[in-house]
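Q: Chain by chain, the residues run as shown.
There are 2 protein chains.
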Amino acid sequence: MPRYKAIIQYDGTNYAGFQIQKNANTVQAEIEKTLKQLNRGQAVTIHPSGRTDAGVHARGQVIHFDFPQSREPEKLRFALDTQTPNDISFLAVELVEETFHARYLAKEKVYHYHLDIGQSRSPFKRHYAAHYRFTLDLIKMRQAAKDILGTHDFSVFCAAGSSVEDKTRTIYAVEIIQTSETDLLFTFRGNGFLYKMVRLLVGTLLKIGNGGLPEDAIQRALEDQDKKMIGPTAHPEGLFLMEVKYDTSL
Amino acid sequence: MPRYKAIIQYDGTNYAGFQIQKNANTVQAEIEKTLKQLNRGQAVTIHPSGRTDAGVHARGQVIHFDFPQSREPEKLRFALDTQTPNDISFLAVELVEETFHARYLAKEKVYHYHLDIGQSRSPFKRHYAAHYRFTLDLIKMRQAAKDILGTHDFSVFCAAGSSVEDKTRTIYAVEIIQTSETDLLFTFRGNGFLYKMVRLLVGTLLKIGNGGLPEDAIQRALEDQDKKMIGPTAHPEGLFLMEVKYDTSL
Chain R
1 MPRYKAIIQY
11 DGTNYAGFQI
21 QKNANTVQAE
31 IEKTLKQLNR
41 GQAVTIHPSG
51 RTDAGVHARG
61 QVIHFDFPQS
71 REPEKLRFAL
81 DTQTPNDISF
91 LAVELVEETF
101 HARYLAKEKV
111 YHYHLDIGQS
121 RSPFKRHYAA
131 HYRFTLDLIK
141 MRQAAKDILG
151 THDFSVFCAA
161 GSSVEDKTRT
171 IYAVEIIQTS
181 ETDLLFTFRG
191 NGFLYKMVRL
201 LVGTLLKIGN
211 GGLPEDAIQR
221 ALEDQDKKMI
231 GPTAHPEGLF
241 LMEVKYDTSL
Chain V
1 MPRYKAIIQY
11 DGTNYAGFQI
21 QKNANTVQAE
31 IEKTLKQLNR
41 GQAVTIHPSG
51 RTDAGVHARG
61 QVIHFDFPQS
71 REPEKLRFAL
81 DTQTPNDISF
91 LAVELVEETF
101 HARYLAKEKV
111 YHYHLDIGQS
121 RSPFKRHYAA
131 HYRFTLDLIK
141 MRQAAKDILG
151 THDFSVFCAA
161 GSSVEDKTRT
171 IYAVEIIQTS
181 ETDLLFTFRG
191 NGFLYKMVRL
201 LVGTLLKIGN
211 GGLPEDAIQR
221 ALEDQDKKMI
231 GPTAHPEGLF
241 LMEVKYDTSL
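Just so you know, the protein sequences line up as chains R and V, in that order. Oh and the first sequence: position 242 is 242 in the numbering used here, straight run, nothing missing. Oh and the second sequence: position 219 is 219 in the numbering used here, straight run, nothing missing.
These aren't lab readings, by the way, just hints derived from the structure by calculation. Hints may be right or wrong, so weigh each one.
Note that identical chains are pooled: a pair holds if it fits in a single copy or bridges any two copies.
To be verified - Result set (DSS-like, lysine-lysine): computed pairs, CA atoms no more than 25 Å apart in a straight line:
#, residue 1, residue 2
1, K227, K245
2, K33, K146
3, K125, K75
4, K75, K36
5, K125, K33
6, K167, K33
7, K167, K227
8, K228, K146
9, K107, K22
10, K140, K36
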């Protein structure tokens, strides 16, 4: 059966997350509903590179699905793009080998986290950035961010509810850039991320930057698996899955 | 009674416009509800530089109001900023002369209109830009925009429902800039704008740019008051009131 890979965007504001669940509006449910219509009423299951939580956004989520009918990819992209709700869009669709798998073959993921640091919270960023009105020491935060780099057991940065066994991940880059007077942008690149890991890392970096945790909190958290060295989970609205990389890219 | 001037922002997506009306959620109703609470239950009326329509946004709307109690302006700003809903924010509040009037004394207004020209509509711009997926000739549009400049009777660009008598306005600048591969930004500066005038001008410029109207359509519309030379009203979600200027600025 022909397998398709798609790059999709979604605004997570009005969804209870990516994964299908009973009595809740999810990204997966919307896409599968549209695919079912395109497939003459036969159900089609989609597989993402990974789930995203309620309120979390994606600018470059990757999914794959098997679709019984052979379709010109651009026509399928246009149909999915226009027939799904306005807060989901299909950037690209391509026919791939039957061995392609959006989750198992993902080599690298890139996340952004947006912080609105204006004294007055911007109405236009309220769904796309977390608001933080207190003082932050960026130099301290950038220094602490270096402790995240490399290969570690990140169990302490994994929220309860994960079924993953191996919690070792390799982080290639963490950047913190002030992009305007009122905007702070975090970038995380790694071979994978655990459940709520990015938001726990951001919450910990913010607490270090505000003086609520010592500068070496992340190092100590990782070494001793010490939950007291961890900040709160940062709000979902600031988080964007930007890109998923594979050996052969779309 | 002390008079205050305030610069406010709002996301118009969830409002039936600025002006208070029965059985509808409006920006004015929300702000007056908060002011009433701050004023021990006594009603306070606010006066904007002008109304904005349902779905239209403001990054620099100006209002004034008389508030019986003398308050430190920054404290009043903080109270209003935090006690109004998240889609309304107060950027600045200052005490002004009793003769100040947000509408009568406005000398100049600046509007932006955002167009998402990507083939796939961005989920993140759906409330903050109108989507337009067809070809546009920017050179033609910029040429046509010159016909808007100067002092004209803009009656033909005024939607029904306006009670304004003098429909002569002076437009200082119209700019059309492509700010990214998928973003087009229109800027309008003038001494005032009629009801739906900016959206009718944008709709006409788009129709010229797409070949549905001749290049001199605006000139002919103004000279002959010819409605056939006018395009449709562009969607509200792309429109932002950016700034209102007074002789003495805040």
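Q: Next, verify each hint and record whether it holds.
A: Hints, one by one, checked against the model:
Proximity of K227 and K245 under a CA criterion of 25 Å is satisfied in neither setting, with 31 Å inside one chain copy and 53 Å between copies. For the identical chains of this complex, K33 and K146 are neighbours neither inside a copy (43 Å) nor across copies (48 Å), given an alpha-carbon limit of 25 Å. Proximity of K125 to K75 under the C-alpha cut-off of 25 Å is restricted to the inter-copy arrangement: shortest distance 23 Å between copies versus 33 Å within a copy. For a Cα distance limit of 25 Å, the shortest separation of K75 from K36 inside one copy, 16 Å, qualifies, whereas the shortest one across copies, 55 Å, does not.
In this assembly of identical chains, the alpha carbons of K125 and K33 lie at most 25 Å apart only when taken from different copies (24 Å versus 30 Å within one copy). In this homomeric assembly, K167 and K33 never come within 25 Å of each other (Cα to Cα): the closest approach is 34 Å inside a single copy and 51 Å across copies. Proximity of K167 to K227 under the C-alpha cut-off of 25 Å is restricted to the intra-copy arrangement: shortest distance 15 Å within a copy versus 67 Å between copies. Taking the shortest alpha-carbon separations for K228 and K146, only the intra-copy value of 20 Å comes in at or below 25 Å, while the best inter-copy value is 64 Å.
Neither within a single protomer nor between protomers do K107 and K22 lie at most 25 Å apart by alpha-carbon distance, with minima of 31 Å and 56 Å respectively. In the homo-oligomer, the alpha carbons of K140 and K36 never lie at most 25 Å apart, since the shortest distance is 51 Å inside one protomer and 44 Å across protomers.
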